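There are 2 protein chains.
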Amino acid sequence: MAASSSLRPNPHTSPLSTPRRQQQHSSLSRAIPCSLSFQSHNSGSVSLRYLRCRVESGRVPLRVSASSATQVMDQAPSRASSGVPTVVEVDLGDRSYPIYIGSGLLDQPDLLQRHIHGKKVLVVTNTTIGPLYLDKVIDALTVGNPNVSVESVILPDGEQYKNMDTLMKVFDKAIESRLDRRCTFVALGGGVIGDMCGYAAASFLRGVNFIQIPTTVMAQVDSSVGGKTGINHRLGKNLIGAFYQPQCVLIDTNTLNTLPERELASGFAEVIKYGLIRDADFFEWQEKNMHVLMARDPNALAYAIKRSCQNKAEVVSLDEKESGLRATLNLGHTFGHAIETGCGYGQWLHGEAVAAGTVMAVDMSYRLGWIDDSIVKRVQKILEQAKLPIAPPEIMTVDMFKSVMAVDKKVADGLLRLILLKGSLGSCVFTGDYDRKALDETLHAFCKS
Amino acid sequence: MAASSSLRPNPHTSPLSTPRRQQQHSSLSRAIPCSLSFQSHNSGSVSLRYLRCRVESGRVPLRVSASSATQVMDQAPSRASSGVPTVVEVDLGDRSYPIYIGSGLLDQPDLLQRHIHGKKVLVVTNTTIGPLYLDKVIDALTVGNPNVSVESVILPDGEQYKNMDTLMKVFDKAIESRLDRRCTFVALGGGVIGDMCGYAAASFLRGVNFIQIPTTVMAQVDSSVGGKTGINHRLGKNLIGAFYQPQCVLIDTNTLNTLPERELASGFAEVIKYGLIRDADFFEWQEKNMHVLMARDPNALAYAIKRSCQNKAEVVSLDEKESGLRATLNLGHTFGHAIETGCGYGQWLHGEAVAAGTVMAVDMSYRLGWIDDSIVKRVQKILEQAKLPIAPPEIMTVDMFKSVMAVDKKVADGLLRLILLKGSLGSCVFTGDYDRKALDETLHAFCKS
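Order-wise, the sequence lines are chains A and B.
The opening residue of the first sequence carries number 368 in the working numbering; numbering runs sequentially from there.
The opening residue of the second sequence carries number 368 in the working numbering; numbering runs sequentially from there.
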């Protein structure tokens with residue numbers, strides 16, 4: 368896309384706490400160690416591959432404070448007022464799109480307006496985010512653009528509303544507003560809003576354009592990228608939905624200024640995930656910088672978001688419809704979804720459930736003899752630093768886990784496939800070929816009954 | 368696909384009442400005159416093209432009675448017991464699929480089983496069709512195939528149930544049955560079942576395989592082919608859905624033996640449509656053979672179904688997502704949908720509403736001076752022969768038409784585009800560039816207020 372082609376690595380950048388290995392590969396295109404062993408559900412390893420990751424280093428327009436700069440790795444200078452976004456491309460042929468990352472991007476109307484084609488826009492947001500950013504987004508869509516009219520629908524906030532009843536409110540509004548096939552839906556909010564708005568856009572008139580403006584770390588590093596959309600069913604998470612790609616993702620890191628502490632931490636669960644499944648260097652960086660991230664250092668946040676999006680974009684480009692590789696992004700999610708469904712949607716945040724689920728997946732990997740205990744300890748430690756749970760809530764029983772996991776999307780012909788760590792840090796497998804005893808032992812180790 | 372490659376035109380066939388022009392082009396690949404003038408919503412004609420239509424003449428396994436054979440055009444001998452289906456291919460790259468057409472195809476388990484990949488199948492049907500054909504379909508899916516288990520969900524019958532509440536029953540059953548991503552949904556019924564089952568398949572776990580087994584003329588000649596799926600909203604028809612292609616369409620013409628008279632006629636509205644928009648020879652054949660079709664002559668029915676599917680397959684192959692050409696398949700549908708929505712879903716059958724809508728579209732085309740009155744008369748005559756309505760119900764007012772037509776999917780940036788006939792028989796345009804006065808006059812001519 369045009370915006371990314373102008374970005375160049377800056378030779379004057381000197382990352383301060385970059386691990387040595389990272390520095391050795393500071394070119395535009397470099398190898399990220401991500402040995403991913405795939406196993407079919409009834410056989411051994413199929414392939415082991417090292418993927419090359421194209422990293423576009425843009426100028427991250429965030430101010431670096433003196434105290435944090437010494438601890439934050441980045442390849443770009445601070446340019447809080449430059450307004451030039453970092454761009455990560457999601458390469459999907461004619462469905463490719465850019466992720467714009469930077470502070471103050473909602474003050475740059477052109478970024479959004481270049482992706483609006485018709486005359487009508489529907490902004491889908493919630494009761495928390497609407498009062499904070501809806502006016503700003505409407506301004507960004509309409510300033511200097513009088514032909515565009517914007518409607519909005521404000522949904523209740525929370526995972527417990529990610530269902531068909533709430534989705535129908537989006538359709539009602541779209542139809543009452545006489546939106547046509549050339550309209551654009553804009554998701555303004557966290558993962559719940561992004562997932563619902565995306566599925567509504569996929570389904571309204573059999574598909575209209577949509578744009579993601581994620582306002583939580585969780586949505587910025589994970590759910591807004593890659594086109595997974597959907598709603599929950601009372602029996603399981605995300606069981607109804609579509610693969611449907613946006614026109615662009617616009618991440619204004621300023622929106623994190625209003626994010627509650629618990630939501631911030633929840634997003635870090637996914638950041639940590641990328642390190643564990645495919646990017647050991649990133650995990651090591653997180654170990655050094657988690658306290659800086661928790662303190663909301665803008666440069667550290669921007670870097671973590673960019674690198675997470677690069678990992679996500681690469682995986683999605685290689686396996687859009689989750690036939691294999693993409694499933695590895697669900698480390699800890701099968702256990703986590705069981706926690707979310709079992710506790711009642713909205714009780715635990717998604718990232719909190721994923722954090723506990725990750726500990727369980729790591730525990731199981733260790734019981735299988737696939738990783739050594741140093742990884743187990745490092746995972747626990749970094750999650751604790753992020754103030755994330757490292758065990759499921761006491762209400763969860765072995766039977767609750769099993770009954771929800773039975774309807775997981777990764778079940779194939781009755782066999783539950785899991786993402787488990789295997790080998791050195793940054794390596795994982797997606798497999799149904801594991802000893803059931805280890806799964807049972809893990810469930811019993813984390814549940815009282 | 369394998370099945371179609373074995374089909375060859377039979378040199379011994381001698382169509383008896385084939386129009387001369389048709390006989391002149393009785394090769395595998397021939398030109399069908401279908402001048403389609405496309406107009407953008409704010410300019411004149413953009414292109415005029417003659418499309419070549421690949422016609423695969425298979426052996427239609429239907430018995431021809433001596434009395435009907437003299438009136439039915441077909442290029443294949445009758446082979447009621449041969450079991451070799453006619454195959455029409457829908458060419459969509461890696462989403463291509465065959466349409467199998469023939470009598471007794473549900474007695475050929477291989478046709479279905481070759482398209483089943485996982486171990487679980489969900490048959491979606493309704494209270495009318497379930498008692499008639501569900502056991503037969505389950506047998507076809509499972510005979511000699513013990514690894515496959517079949518679940519079924521039986522929905523209430525009628526357009527008034529094509530909504531989100533009914534759709535949720537399909538998801539409930541699928542999840543309770545622990546179906547996974549490798550499962551297959553089978554739509555057994557008419558257009559309502561096909562549309563709902565297809566949308567459920569598109570959305571369940573973000574997409575699973577599905578198969579269409581249409582049991583009405585309407586579904587066999589139109590709705591089961593081309594991947595349009597969806598449900599109605601109280602404010603408009605098919606406003607929520609997906610483009611989602613099946614693995615195959617299996618048309619067992621024997622299922623028409625149990626079809627009520629009114630449903631039979633309803634399907635002919637779409638058959639007539641193909642003739643009017645792109646296939647004048649087919650329309651002329653229909654004029655000669657409508658009484659044979661109404662008498663359910665199996666050979667005539669098989670021919671009408673095959674030729675309709677060929678027209679549909681060609682249009683869908685050229686424009687899957689309805690960016691232009693495909694919209695022409697909606698002749699009469701914008702008026703028709705207004706009738707269906709205005710009267711309450713289920714009061715008028717879809718084809719009945721389309722028939723009245725076609726008369727209105729033809730009337731408007733005539734008022735615009737785009738066709739001569741002989742076409743107006745021929746359309747009225749053939750619809751009357753098919754016992755279809757040629758005017759909307761008296762309840763419909765001009766305002767009712769306008770309010771429903773305003774949310775039609777063919778509205779672009781506030782402008783309603785319509786399919787109208789223009790030029791000689793078999794020619795149409797899809798355009799927003801028409802005199803509004805003609806639309807008003809047509810609406811007032813057909814409504815009392």
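Bear in mind the hints are in silico, worked out from the structure with no lab data behind them.
Computed from a predicted structure; not experimentally measured.
You may find that some hints are simply not true.
The list treats identical chains as interchangeable, and a pair is accepted whether it falls inside one copy or across any two copies.
[Claimed, not checked] DSS-like mimics (lysine-lysine), calculated; alpha carbons at most 30 Å apart, straight line:
hint : residue 1 : residue 2
1    : K754      : K744
2    : K769      : K486
3    : K655      : K503
4    : K748      : K486
5    : K655      : K688
6    : K536      : K688
7    : K804      : K486
8    : K503      : K748
9    : K536      : K769
10   : K540      : K769
11   : K540      : K754
For each hint, the structure was consulted:
1. K754 x K744: within (15 Å within a copy, 77 Å between copies)
2. K769 x K486: Close across copies (21 Å), not inside one copy (49 Å); limit 30 Å.
3. K655 x K503: Neither: 35 Å inside a chain and 65 Å across chains, both beyond 30 Å.
4. K748 x K486: Result: close neither inside a copy nor across copies, 51 Å intra and 43 Å inter.
5. K655 x K688: Neither, since 34 Å and 50 Å both go past 30 Å.
6. K536 x K688: Classified as both; 28 Å inside a copy, 25 Å across copies.
7. K804 x K486: Classified as between: cross-chain Cα gap 25 Å, same-chain 58 Å, threshold 30 Å.
8. K503 x K748: neither (39 Å within a copy, 60 Å between copies)
9. K536 x K769: between (33 Å within a copy, 24 Å between copies)
10. K540 x K769: Answer is between; shortest inter-copy Cα gap is 19 Å, intra-copy 39 Å.
11. K540 x K754: Cα proximity of K540 and K754: none, with 39 Å in one copy and 39 Å across.
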